[in-house]
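S.K.: Build the complex: two chains, separate frames, hints provided.
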Amino acid sequence: MHNGATNGAGPIVDIRDLHVRFTGERTVHALNGVDIALRQGEVLGVLGESGSGKSVTLKALLRLLPARRTTVTGAIHVAGQDVLAMDGTALEAYRGGVVSMIFQEPMLALDPVYTIGDQIAETVVQHRGVSRADGRRRALEMLESVRIPSARRRLDAYPHEMSGGMRQRAMIALALSCGPKVLLADEPTTALDATVQIQILLLLRELQRELGMAVIFVTHDIGVAVEISDRIAVMYAGRIVETGTLRDVVKSPAHPYTRGLLASTIHGSQRGTRLEAIPGAPPRLDRLPPGCSFAPRCNLADTACRQGEIAPVVLAPQRSARCVKLATPAI
Amino acid sequence: MSVTDALPPAPDVGGPQQALLAVKGLSKHFAVGGRLFRTGGVVRAVDDVSFSVDKGEVLGIVGESGCGKSTTARLIIGLIAPDAGEITLDGEPVGPALSLRELRRRVQMVFQDSYASLNPRLTIEDTIAFGPKVHGVAVNEARSRAHELLRKVGLDPGHFADRYPHELSGGQRQRINIARALALAPRLVILDEAVSALDKSVEAQVLNLLLDLKAEFGLTYVFISHDLNVVRFISDRVIVMYLGEVVESGPVETLWADARHPYTRALLAAMPSLDPDQRTQEAPIAGDPPNPIDPPSGCRFHTRCPYAENVCSSTVPKLMSTGNDRHAAACHMVDPASGHSKATAQAIRRRAQSATDRPPDAEAAHA
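Residue numbers (this note's numbering), protein chains in the order written: chain A, 153 to 483; chain B, 172 to 538.
Hints are computed from structural coordinates only; laboratory data are not their basis.
Treat the hints with care, since some could be wrong.
Examples of chain A residues lying across from chain B (beta carbon under 8 Å, computed) [stated by the list, open to error]:
1) L217
2) V277
3) A346
4) V402
From the three backbone atoms N, C-alpha and C, an ideal C-beta is built for every residue, glycine too.
Okay, chain B solo, but in the shape it has when bound (with noise of 0.2 Å):
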């Protein structure tokens, strides 16, 4: 039998034409430092962040710690309520229509610590077939597409099955987070750092399992991580994230070429190299990321910016077009209208250039 008969995917709705997710206006405010009769402050974990990520697509999302990917993964999963915002799934907007339950059952995550986010006390095989169980499977059928699953992702049944989690590696522990994950047969799986704890050799292994079951069952998967080489291997899209906002969306390899926001440009710039003879000789951006805390005004990025000018602290970016395929930066030098003096000047290059190089930007820098 196979893993599809007992509990089969959510059928599709709106075509391939329809995005799997889109997310829109989503904020999630935390308070902090607060005490008896007295506000603290407020962390924008994430604010007014819009996305889609179509079928069978992989949209990865980058981003230095507190800038809000985590947070937006477990706004999308109902995880933590958003405060303000829609979540999407093939047009069927979460609430009333679409209940958690069912959200959960479409939409299915896999956690960086693939020991805290296993149930000690569980086998294997309880583990895997616990959510079938819940969404009204036989216990006989969980178990024996417990069972397949674990063939799916590598590991044998008669060998793992009746194993407590302490029992494996970290490797083989992500594979049954896997597993467990496709047991409710999502459509779309969220991997949260899902890979980053992993040895060298052990993620690739994992990677490569990754892209076979996306293609084998049809899977969405949004990649959450900070190492931007896994990011570009494994994504079609990617945004990058800044202090709760999106700064930079587009295809990976547009965004990898021809990145328009400098904090993307000095993400990128600040991977070290893998060339002995090319090491890196200068930091891209001095200084720490500020604190979420109320965070600067205007662009979030002006306080670390080598292009920051009068706008960036007064107004708000909005996200635009570049002119580039689904590409889009939130900086006022990709507006012409903005009144960044840099802005019309690289219009206009841009449109001479007619986008096959990238404009010197190692001019004067004002800090």
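If we strip away everything but chain A, and leave its shape as in the complex, we get (with noise of 0.2 Å):
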């Protein structure tokens, strides 16, 4: 256990072997065993491919799954509360109040009919029980803090009169007019353009230092996680198959997988060389290969792989990661 700074009692966000099943016509294992601690006030950037579990993790985090056709095993406690336990009432004040979450597409997360000022004060309203008079002033404030410019006027603005970038910043001042103590960002920046989405992650790593939150940042882009992190852990068919500080995983990756992905990413000048690209694809989530889920693409795999549980082996305090081959010095 690590000593947080929430009153000394711990990580702000602890999941433990988190497991997420979708049962339906085929059962899909999309977490096997998830475990993070997070602290107050740190950036965890979660790194993985399309099905990795990085946005089903988040989901979880919010109660957002399907209840009916996912089975949920394992513990997940943020700010000391067991989220798997609460109710209907217990959830609403923690959804925006102790979480929250931003989306690749703030016109979803949206309404449209609503304007944006009257969309946060809304939310202030119900959270803080305020008068809407407060609502707005709030609202105003939050409009302001995400550098929106002539911000009394877009108060008035709907998500549709905003462009892309306006309509993210308007998101992140509706998510954090609460003052929740977690934010989660699920590719928030994916969808903007180039000299948008730069803005947008500065914006971030201010708001956080300022606002001192915690930060669950997942993206599939290692630049956007290299800007925003403090901590990374790869995501890999539903497991975290590497953790540590962010110099640690970008500059000396443990897991084949890890330094297939940085190898597999173009940086700099590679013209008339070849990529090192990992071979063949992800494994389906319901026919997962037995032991370390990366064998069937990994050059180093043997038979060892490919039997039982792979159990994190610990490098160095806060840093592991789930390859047989670490566990003996040979590599």
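M.R.: See the structure below:
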């Protein structure tokens, strides 16, 4: 257990052995034993390809997964509360009050028939029990804090009247309006233009520092993760295969998948060279191979990789990787 | 038998000196928001765009959403008709001389959405064989050609020929799209964000494949992407578009080392860092790209440019040579006669510096 800043009581987000299974025609093993310990004020970048389980992890944290078709086991504690045990009322206070989320597509996350100001004000009124006028005041304050120009005028704008970058800022304002302790970000800059993306990343970095929030930032883009994260967790087939500080993971990746991912990411001038691609494709989550899920694509894999559960190998404090090859110092 | 037997690629006409594709004064405007008896605004999606693509070259087109890069691609391949401008393929102007049917045989396109661009009711084999059959290749021949192309794109025909698009992964589907594009033995392939939707590890595989196929079939690519790292990797030359206009063009490494247009520099500086010790400290430009309906006057970038002066909002800058080989920029600072206060100073400094270093441009910014 780590010593977090929250009254010395440990991590603000504490996920243990989280399994998520979607049942239906076929059973999809979306998460297969995820552990996350996030301290107050820390930014965790979750890096992974599509289907790796990064978005499912965030949805599980907010209890957004469809209850009827989802089986969740393990434990999720946020700010000392047992998230999986919450009832309807507790969940309402928890979502937006303790943990908030921003999405890739603000047009889908914002309500198209209410103005930005009304949406933020309503959220504040619901959570804080303040008057509508106070809610509006808070909305203006929030729009200013996310640097929306002429914020007072923008209070009365509808989402469709704003540009993509402005909408993303408005969504951040909405998410932070009730002072959550934890912000979940699901690829919030992926759909943005390059010159806008960097503005939003820098804004999030600034707000995070100012407010001392913990952030879990999900992305498939290593550059984006580098710009925002303190620590990195690399996910593959529903497991965290490597975790450590940003510098450790990016500069000296330990897991063969992380190494392959970094090698296949183009950087600098590589013209005229062949890219080091990882062969094959990620496994189907309804037919996971036994042992290490990456073994079928890994050029180091042998029989030991294909048997039983691969436990994380601790490489240093807060740094581990799920690879049997790391257990022996041969690699 | 070889892929090229049944449907050989169009013969080369002008030799290596003649550009494979030449686009001149291309424009496409879309009317928007008009109501009955009232005209709305006009999106100048592509506005007086000219460029050429040499044989065997990869031309990258970069720019943000709304810059006109995809519209340009659609105009080239004849999916939409231009309002003005000429498109010439190896010396033959598209139009009466070169029919749309023949154009599409010589120019093929791969789109971003690998699923939407495949017919869900056709098997992979039928999909790839469809084009050749339309162009008069016998059914059996078209079929064996499809199988060979599947092998070329790294998919086992025995395993994939009878499958349907929904049974494949995104990377596999994009390989099918590439195979289908190659089935007509085109000379030019337009790749419009063709690897953007793929996971990184798969993207690298497909990029390697594109380079292999280019070498094997002697192809020429127009590679459209928002990912500057990918564009730098694959392109020989790059053109940068902003709100329907070309703002800069040049050899890829020249552009990276010595970009002259402030927008190109901002675009390059906005790329996320891959080094934890060199994170970006400041956004290169503020705000979003303006609405392409009724774009700003003069230089369309002047509303976001730190160097904008009066001349920038009044006069449209022309694409001018920077003095470097094949490097041109549409910025008043590049034109010594423009009257921009930095133009002459830059020209003098540049001559003195013999273009080894970039001049310091962190001086006072007039907003």
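S.K.: Taking the hints in turn, state whether each one holds.
M.R.: Now the hints, each set against the structure:
no.: 1; hint: L217; result: 23 Å, violated
no.: 2; hint: V277; result: 30 Å, violated
no.: 3; hint: A346; result: 5 Å, holds
no.: 4; hint: V402; result: 6 Å, holds
When each numbered hint is compared with the structure, violations occur for hints 1 and 2.
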